[in-house]
Each structure stands twice: as C-alpha cells, then as structure tokens.
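What follows is each chain in one-letter form.
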Amino acid sequence: MPADTNTTESDTVDDSLEVTPDTQLPNATAPEVVFDVADLSVYYGAFRAVRDVNVEINKYEITAFIGPSGCGKTTVLRCFNRMNDLIESARVEGKVTYHGVDLYDRAVNPVEVRRRIGMVFQKPNPFPKSIYENVAYGPKIAGMKGNMDDIVERALRAAGLWDEVKSRLKASGMGLSGGQQQRLCIARAIATDPEVLLMDEPCSALDPIATARIEDLMQEIKSKYTIVIVTHNMQQAARVSDRTAFFTTEVNPESDTRTGLLVECDTTDMIFSNPGDERTENYITGRFG
Amino acid sequence: MSSPPVEPMRHGFRDELEQLRLQVELMGVRVDENLERMREVLRTGDIALAEMATEADNEIDAMNVSLTERCYLLLSRESPVASDLRFIVSVLRIVSEFERVGDLALRVVKLAPKHEVLARSEVLFDILVTIGDEAVDSYRVALRAWSAQDLGMATELATGNRSLDLYYERLTAELQRLDGVDAVPIAMAAFAAGRSLERIADHSAIIGARLRYLITGEPAHLAAEVR
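Protein chains in written order, with numbering that gives the first Met the number 0: chain A, 0 to 288; chain B, 0 to 226.
Bound-form chain B, shown alone (with noise of 0.2 Å):
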C-alpha cells in the first residue's frame, strides 16, 4: 500500500507567502538599521543621525501598511486555512510590533537634544548604554528567529530577557538616588530612554510568542501581551 503520487499545487500561492515572508524580514532589517541609529544617537546625541532615523521610520510605517493590505488580500482571495492561516495572521500581527519597536526606537532618538543632559549622570547613562545593548541584542534574535522561523530562539525570547530586567532595576534605583538643581530634567530624560528601551525588548518577546504559535500552532501562546 502506498499513497498515490501527489504533486505540489497552488504555486501562485505558495509564491506569495514566500515572498511575504521576505518582506516581512526586510521591514525587520528597516527597524533593526534603525535601532543601530538609535543605539549611536543614544551615545552621542548626533542630531543629524536622529533626523535620518526619523526619515527611514516613515518607510517602516508604510511598509507596515502595504504588508497588512497584503494580508487581507490574501484572506480574502484564498480563503488560507491551517499553517497558510497561521502564517498570514501572524504576519499581520508580528509587522505590528516590528512598527511598534520601530517607534519605540524613535522615542530614544528624540531625545538626542537632551543628550548632554543625560551624560550628566555618569553611572545613568552607562545603564541606558548597557539597556539599550540588551534591547536591540533580544530584538536582533527576534529577528533571526522570524528568518530561521525557529521555534528555539522564538521560545528563548518568549522566556523574557532577565539580565535587562536586572540593568532595568537598577536604573530605577539609580534614579531614585539623583539630587542636586538638574535632578528632575536627568531623571524624565532617563526615564524616558529606560522605559522605551525596555519594551523594545518586550515587543521583541512578543515576537517570540507570536512565532511560537504560528510554528506549533498551540493557542496558549497567543496569550503572550505587553502589559
């Protein structure tokens, strides 16, 4: 007994996904080029730089666009079911936190202004250096995860960044240690930079989650959500 000879069928489509996939990775290369601005504009408050970020973010949120139309074309035209169902819902959902992480890079870079008020605090902004490499270190895993489509990096993200955690308390205690006349405008500065750094790692778990799913297609992992 064997099973009768099958051939591949629904090339068009199969293309399509594909070619998907690609694209999804190459919005994920937009945002990652940008967070190595981010990265440099946070250690050198480079206003030219943060300018040039604010540009490519504007293609991140149209590729954004044009990615979930795409989507819903899909949908609407194949009727996809199973991992092809999977694959486009999670497309939809992992191009918005790509653009979520991409603002949230934004958010570091405008506060290259505020630069020389952060270098003010020596052992502050060596954490915000140290969170920011922690940031785009998890994102960057993210991103080789949704490439590889690899349920083994998806499941080291989805586990949380626990060493970020830690340079994360560290800088709220710090903060809390600051005196003197330029405390507070220090303190909204790093705060501000933290925080944001802080859920690029987040979103960048979620990704890991959303990966889960779409490769094991177990419905616990669609819990995962940045609180």
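This is chain A alone, in the form it adopts within the complex (with noise of 0.2 Å):
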C-alpha cells in the first residue's frame, strides 16, 4: 500500500460519521435495586386502579412518576409503603419486593415499613404543636435512641430549615410558610432516619421559589435516601429525577372506567429527549391530551 494513501485524510468529513448505535461505553456497575414491582396491579373493590406494572426502583437515585390524572401514579406510589392497606377496599396483586423481601408478606410489620420508608404529601401536613415536636414526634415513637435535641436538628438541617427556625423552635409549625412546612414535613419524614422518600405531588401547593428549593433540597438529600417523586409537573421530573417512568390510562368499555399502567421506564435523559413509546412522545411533547 503507498504510504501516502492518507495524505487528504485529515481534510475530509470525520470518520465518526460511521459510528453505529451499537458503538456503546463499558456499562457501569448496575445499581443496587430498592424495590422490585412485578406485574403489580392494585384494585378499589372492583374496580382495577392500575395494573400489570413491571418497575424496578435503584438505591440513592430521584426516580418519577409522571402522567395524566388518573394513570395510577399515586397508586403506585402508595404501595411502596403499604399505604393502601389503610383502605379498606384495596387489594394488592403481583409483587413488590424491598431488598428481595415480599413487601406485603404477612410476616411484615407495616409500621416499621414506614419507617424506613417515609412519605411527604401534596400539601404539607404539619402538626399543629411545636417545629420541635413535629421532628421530634416520629423518633419518639419508633423508640430512637440518642440525643433528641441533636435529632432534630439533624433533620432540620438536613432539610435545609435549621437556620430559619432554629430560634424559634417551640413556635407552631403551622406558623412556617407554605414552603417552610413542606421543608419541616420532610425534616419530619428523614427524622426517622428512613432509607426511601415517598413524594406525592411535593410541589404543587407551593410557589416557584419554595419549589426551587424543595428540588436543590432532593438534589442535596439523594446521596443518602433512595427518592420517588410523583410529579405534574413534567419540567420538575426533567430536572430531579435520574429515571423516569411515564404511565397512562386505558378506558374499560364495559364500565366507562379508566385503569392506569406503566408505559415505560428509563433514564431521564432518554425520556425526555428520545422516548422509547410515541404515547410518552405525545403527551410530555404536550402534543396530545
């Protein structure tokens, strides 16, 4: 071969041009699995809320649930921590499993399941007694040892609150702003010292400056608590979240009913910038509705 077959080489279009979708880096070490839904469907009586969801949840990620009302995100959401046992209607088939154990095995206490996994609701919830009390309640029960001051403060701190209410901590919580209390929930919530956060809607009663907050907060909590977050809100999901699963809803002929299911789950990035599914396409592209 002539030595100066490549002498315009350096000139023309990069080779890279040829790289196939199968050119792909070494995969990185998986990461460890939290939860574990399989062919989950979950029913009010007779009416089947949502089902067949198939989901794996992975430690120290934000993942989100996104999706029309209706699609069973919440639903889902609730089984992490047996909160629909509280409904007397509800009924759980399929499995979910927290570090390879049946979550809704008889053997397991649902107490203690939340504790280790902590919700914060839609609108913030807090006591009516003290900014103290209401950090300091959740420990006292599940019988934590230590410190309580230095318990709280903790959880106040770790919640990005300590500064604002450190000297006023016996003044009601219900005096806190919208966003304070959302923070003060959430303080409550990682009190316990739980490994999952359980968020159902966190931002949606608060204005854009407490929700920024809320959401450099979960930036700053990820490295030490595993976070679900059931979003509205599509650009919150964008911008939290590591993984996202997007779930709609399907109309039962029969009944006029709707049923939820997972349409599909994957990285943030992939969802958001070339989903696998065109119903994902069309709704976060708001295309349809």
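Rather than coming from a laboratory, the hints here were simulated on the basis of the structure. Note that beta-carbon positions come from the ideal geometry of N, C-alpha and C, so glycine has one too. Keep in mind that the hints are not guaranteed to be accurate.
Covered, in the sense of this in silico footprint (three residues per stretch, anywhere, with C-beta under 8 Å from a C-beta of chain A), are these stretches of chain B [stated by the list, open to error]:
1) 67–80
2) 120–134
3) 138–146
Some chain B residues flagged as far from chain A (calculated, every beta-carbon gap over 12 Å) [to be verified]:
4) Q22
5) E39
6) A47
7) L105
8) A111
9) P218
Chain B side only, calculated, beta carbon under 7 Å to chain A, not exhaustive [to be verified]:
10) S1
11) S2
12) P3
13) G216
Mind docking these for me? Both chains are given alone in their own frames, and the hints should help you get the complex.
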C-alpha cells in the first residue's frame, strides 16, 4: 500500500460519522435495586385502578412518576409503604419486593415499613404542634435512642430549615410559610432515618421559589436517600430525577372506567430526549391530551 | 381496553415548528441558488453574476440570524422536549451549516477576477468544474433530505461522497505536476477553489448527520464534524 494513501484524510469528514448505534461505553456497575415491582395491579373493590406494573427503583436515585390524572402513579407510590393497606377495599396483586423481601408478606410489619420508607404529601401537613415536636414525634414513637435535640437539629439541617427556625423551635409548625411547612414535613420524614422518601407532588401547593428550594434539597439529600416522586410538573421531573416512569390510562369500554398502566421507565435523559414509546412522546411534548 | 380519546394540542407551537421547517428549507433554497451562480462564475468568470451572488449571501446571513433568534425564542417560551427539542436544536445546527456552505460558495465566486488564470490549465479546470458539480449534487441531496426529513438520503450523505474524494486527490496530484512561470498563481487559485468546493460537500455530509440525529435521536450521530 502506498504510504501517501491518507494524504487528504485530515480534510475529509470525520470518520466518526460512521459510529453506529452499537458503539457504546462499557456498562458502569449496576445500581442496587431497592424496590422491584413485578406485575403489580391494585384494585379498589372490583375496580382495577392500575394494572401490570413492572418497574425497579434504584438506590440513591431519584425516580419520577409522571402521567395524566388517573394513571395510577400515586396508587403505585402508595404501594411502596403499604399506605393502600389503610383503605379497606384496596387489594394488591403481583409482587413488590424491598431489598428482596416481599413487602406484602404477612410477616412484614407495616409500621416498620413506614419507618424505613417515609412519605411527603402534596399539601404540607404539619401537626398542630411546635416545630420541635413535629420533628421529634416520629423518632419518639420509633423509640430512637440518642439526644433528641441532636436528632431534631440534624433533621432540620438536612431539610435546609434549621437556620430559619432555630430561634423559634417552640413556635407552632402551622405558622411557617407553605414552603417552610413542606421542608418541615421533609425534616419530619427523615428524622426517623428512613432509607426511602416517597414524595407525592410535594411542590404542587408551592410557589416557584419554594419549589426550587425543595428541588435543591432533593439533590442535596439524594446521596443518603432513595427518592420516588410523583409530579404533574414534567419540567420538574426532567430537572430533578435520574429515571422517569411514564404512566397512562386506558378505558374499560364496559364500565367506562379508566385503568392506569406503566408505559415505560428509562433514564430521564432518554425519556425527555428520545422516548421509546409514542404515547410518552405525545404526552411530554404536550402534543395530545 | 383502549386508549382514551386524545385531541391534538398546542396548535400554535405545532404551526410554528412547521413554519420553521419551511423557512429553513427556504434558506436552503437561497443557498442552492447561490451555488448555481457559483458554478456559472467558476465556468465563465462573470463578474456581474459574482456581485449578485455576494448580495444574495447577505440575505442568507440575515436568514441565519433571524432563524437562530426564532429558535432561541421557542426554546425559552415552549420548553420543548423529545423530538421537538431535537428539531429546534437541529435547526440551529443545520442553519449554520447552510450559512457556511453559502460562505464557501462565495469564496469560489470571489475568484471570478482570476478566471483567466484558472482556465489556463485545461486539465485542472476540468477537474475543478467536476468537483463543483459533485459538491452541488451533494448539497442538493442534503436539501432534499431536509425537505423530506428522509433518513435514507441523510444516511447516504453522511457516509460521504467517494467520487468527489477521488477527484480531489486527482486535483492535488495535478497541482504538484504544474510547471512554468504561471505555475504558482494557477496553483494558488485552483487550490483555493478546490478546497472550498470539497468543503461544501463535507458540510452537506454534516447536514446528513444532523438529520440522522433529528430523525433517530441516536446520540452517536452528534459526533460528526468537519475537521
């Protein structure tokens, strides 16, 4: 072969044009799975609210559940700490394992489940007690050892609220602003040292600045907690989460009711740049509704 | 079981994206017209036509600015995601490729006063005209691929124009063979023209790669660049 075969090579189009979709970086270490959901269906009486959900929740990741109203995202979230147990007609089919243990096994104590898996709700719901007692309540009930003042301070600091309330810990939690109340609820949820935080539209009642503070907080605490968040705000899902699960609804023609189902779960980057399913694309681009 | 009835939404945004697609096409057509002028100026050295091409390039530059601003506005206003985001980002990158092709055409056009020098070597001149034809052909495929958002054409482009490469190699070989008193001025003009024409084909290939990304969403196609 003549030595000058490549003389014009550097002036031509980069060979990387030829990179094929098969060209991929080596796999990083697979993340640890906290929840493994297999063929999960939830019924309220005869009504099937959500069907056949299969999804994994990875440790120290933020997983966002998005989808239209009635798609079952909150229903699935509530399965993770057995909140559906509190609804008499609710029935769960399929399997939800937590670190390999069947969450719905008879031997599993729902109270212990809820200590390990904290929940933050849509509307901030502080107890009508002092800021201090709001945070101390959970650890006391759980019989946590150690200096309660330290536990309260640690939780309030982790929730980014300490500096704002340290001089008025005895004041009522109800007197805080909406955003502060929500951070108080986060402090309350993490005071019992859970592993997982479930957040059900935690910012829907907050203004944009309070929302941004909660989102920042989620980023700060995700190195210690596994977070699952249900949100109607797709930009929020895109901003804060590592993985996104998209749910949608289907119509049951006989009963004219709607059942939710999981369409796909993938990295948030992928869902918001190149989703695998047309239904996801239509929803996130707002093309159809 | 069936999906619930859905209705198309965000009509205004959809219309704006469609308008944007058409206006990018229009910009591409303006570049195409200038490439045709370039080809004629290369063949004939027509100074008046060269001036017309220079004027037309100002319009192409203005379209680049205005379409870029439109993209920024849509990004800030509509928070596009998925294929909408890929579309707007691809428009931003493709209009700059169109603009670059226009500039390269202008470089060739500006050689009009040297037409007589270029035409002195018949062999070189024939090769140059052929490279010009090949480059314009590549660009036309790019423009058609954009109009039709056609993955097949985009892929064809992105894999390069082999015959143009061969002509360019021949051009380089012929340049080295030049001798005589006017060898240097001929070589300089022919090299300048040949290089610009070859790069027009390169940028057309890049448009193909940008389109492949737009259509498939496959990030590997983002790697393409002109070195």
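Structure-based check of each hint:
no., hint, in the structure
1, 67–80, "holds (count 3)"
2, 120–134, "violated (count 0)"
3, 138–146, "violated (count 0)"
4, Q22, "holds, 21 Å"
5, E39, "holds, 26 Å"
6, A47, "holds, 32 Å"
7, L105, "holds, 20 Å"
8, A111, "holds, 24 Å"
9, P218, "violated, 8 Å"
10, S1, "holds, 5 Å"
11, S2, "holds, 6 Å"
12, P3, "holds, 5 Å"
13, G216, "holds, 3 Å"
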